[in-house]
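Participant: Sequences listed follow chains X and H, in order.
Taking the working numbering, the leading residue of the first sequence gets 1, the next gets one more, and so forth.
Taking the working numbering, the leading residue of the second sequence gets 1, the next gets one more, and so forth.
These aren't lab readings, by the way, just hints derived from the structure by calculation.
Treat the hints with care, since some could be wrong.
[Stated by the list, open to error] Heads up, simulated DSS-like pairs for lysine-lysine below, C-alpha to C-alpha not over 30 Å straight-line:
#: 1; chain 1: X; residue 1: K141; chain 2: X; residue 2: K85
#: 2; chain 1: H; residue 1: K17; chain 2: X; residue 2: K141
#: 3; chain 1: H; residue 1: K107; chain 2: X; residue 2: K334
#: 4; chain 1: X; residue 1: K2; chain 2: X; residue 2: K141
#: 5; chain 1: H; residue 1: K119; chain 2: X; residue 2: K141
#: 6; chain 1: H; residue 1: K107; chain 2: X; residue 2: K269
Bear in mind the structure is a predicted one, so any value in this text is a computation, not a measurement.
Take a look at the letters that make up each chain.
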Amino acid sequence: MKLEVGYIPIRDIQFGPTSKVDGNVLYVNQDELSRLLLQDEAIESVALDIARPGESVRITPVKDVIEPRVKVHGGGGIFPGWCAKVDTVGSGRTNVLKGAAVVTAGKIVGFQEGIIDMSGEGARYTPFSTLNNLVLVVEPKQGLAQHAYEKTLRLAGLKAAEYLGKLAADIEAEEVHTYETLSLLEGVRAYPDLPRVGYVLMLQSQGLLHDTYVYGVDAKQIIPTLISPTELMDGAIISGNCVSACDKNTTYHHLNNPVVQDLFAEHGKTLNFVGVIITNENVFLADKMRSSDRTAELCGYLSLDGAIISQEGFGNPDTDLIMNCRKIEAKGIKTVIITDEYAGQDGASQSLADADEAADAVVTGGNANEVIHLPAMERIIGSIDAVDHIAGGWSGSLNEDGTITAELQVITGATNELGFNTLSAR
Amino acid sequence: MIITNNPAVTAAYEQMKNVRYVEGSYRDVLVEVRNLVHIGHELVTHPLMGSLKPNETPYRSVVVSDEPVQGCHTEAILIIEESIAVFDRFARTARPDRGAHASEIAKRDFREIDLSLLKSALDA
């Protein structure tokens with residue numbers, strides 16, 4: 001499966017009479033986009049706003065971040081199962097408005113969604129501060145249940161990203177990246193001497209407000225399976241996860257998975273990137289056993305020499321992570337796990353809820369309990385009163401002068417467990 | 001059997017399922033589950049279900065088998081013991097306005113999340 005991804009760099013977003021890409025500026029017709037979103041009868045009102053890198057802007061509570069993309073040719077459409085039919089994606093040509101994103105905001109559950117600061121200390125912790133963000137603040141009709149509101153906001157974000165992405169269909173890309181996954185046999189023939197490496201992508205699937213979807217299917221109902229890494233780039237996996245801002249994988253993360261990017265960069269040079277195995281993080285122990293067994297079987301079936309395993313979330317998924325690690329290692333396959341830590345504000349406590357001696361190669365996204373101080377911002381998009389209630393904040397987190405003292409876990413993407421973040425010991 | 005300190009779970013399930021209501025804290029629920037697992041009940045759902053941290057939500061619901069099952073449940077014992085250790089670790093950074101001290105509005109949300117997570121698991 002071969003995919004070309006064309007980058008159209010976006011350096012600014014502005015509202016204008018016609019939605020279009022002109023030069024490196026994305027113009028958005030507010031009325032047209034609002035009308036499109038308001039077709040969903042569950043929505044009372046939509047407010048569109050723009051947040052640019054370096055501005056004194058705080059976006060909160062953030063639910064999802066989505067990159068606008070469009071399928072130019074090659075079958076299927078972006079976000080299959082949602083905005084397009086379920087045809088297989090991941091081949092042909094996709095164009096991306098690189099540097100732009102749709103950010104959805106809304107108080108689904110008042111204490112979990114995160115913060116994106118566009119400047120100051122907080123901006124350093126989130127990769128989304130470097131993007132030109134079109135923010136959708138969606139207010140639901142009164143009485144809409146939380147899970148229905150989540151779905152409404154999820155769909156609004158995808159629709160807006162699809163709407164913007166389509167503007168890139170006929171524009172010549174400045175950069176084109178090509179990704180190709182060979183069939184199993186072709187790969188063996190092409191790289192007989194390179195170590196065979198697979199990627200085990202664990203998807204959050206604990207239930208309501210903690211869900212991820214694959215081609216429209218709720219990931220808690222899947223059996224671990226193989227997926228081409230280029231399918232991810234076309235939106236085969238989207239986020240419905242509202243919980244744990246710092247280490248949830250937004251849809252943007254799935255589209256731009258850095259493990260996939262790095263494995264492709266080394267593919268054919270130092271390793272043979274065989275493919276991606278997706279698995280879930282269910283709450284039933286029987287599901288955990290079944291999914292980790294199947295995942296290890298697939299790794300064995302692919303004759304992997306090594307596997308990289310990334311996690312999403314905390315606590316319950318730690319058990320899935322360690323089960324996957326232990327069972328894959330038991331097949332003689334080396335593993336590296338990617339996680340983050342809740343090691344206390346002093347960083348001195350045990351980081352994970354589970355451990356095993358097989359997990360002897362670990363990459364961390366950082367300590368989510370670390371206390372940070374955020375300056376006041378001139379403008380708030382969304383609503384600031386949630387800050388005292390979000391995970392990692394506490395009563396008094398939001399000071400009268402607009403500054404915030406809270407744990408790092410309040411920042412969207414700060415300790416991301418795919419490594420798509422800016423923290424480093426270097 | 002559902003072990004819970006969440007009145008919303010009791011209300012939703014007591015007609016349909018075996019529910020044991022624990023008059024106490026999140027930790028008390030974990031300890032009750034540990035006691036049951038040690039006498040042979042199978043652990044059906046993970047004790048740290050959901051991404052809400054143990055020092056945030058005051059509510060916890062865990063499903064174990066209705067009856068003790070023969071055999072050694074090493075994995076389940078490790079999971080429940082580790083979960084209690086995680087709870088105690090988080091308790092060291094107790095929040096004045098969380099857990100048992102959360103506001104009534106926050107508690108309502110926490111009850112709802114706990115119930116809905118359990119529901120989406122049981123209905124799946």
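Participant: It remains to establish, for every hint, whether it holds in the given structure.
Facilitator: Tested hints:
no. : hint              : verdict
1   : X:K141 <-> X:K85  : holds, 28 Å
2   : H:K17 <-> X:K141  : violated, 34 Å
3   : H:K107 <-> X:K334 : violated, 44 Å
4   : X:K2 <-> X:K141   : violated, 43 Å
5   : H:K119 <-> X:K141 : holds, 24 Å
6   : H:K107 <-> X:K269 : violated, 54 Å
When each numbered hint is compared with the structure, violations occur for hints 2, 3, 4 and 6.
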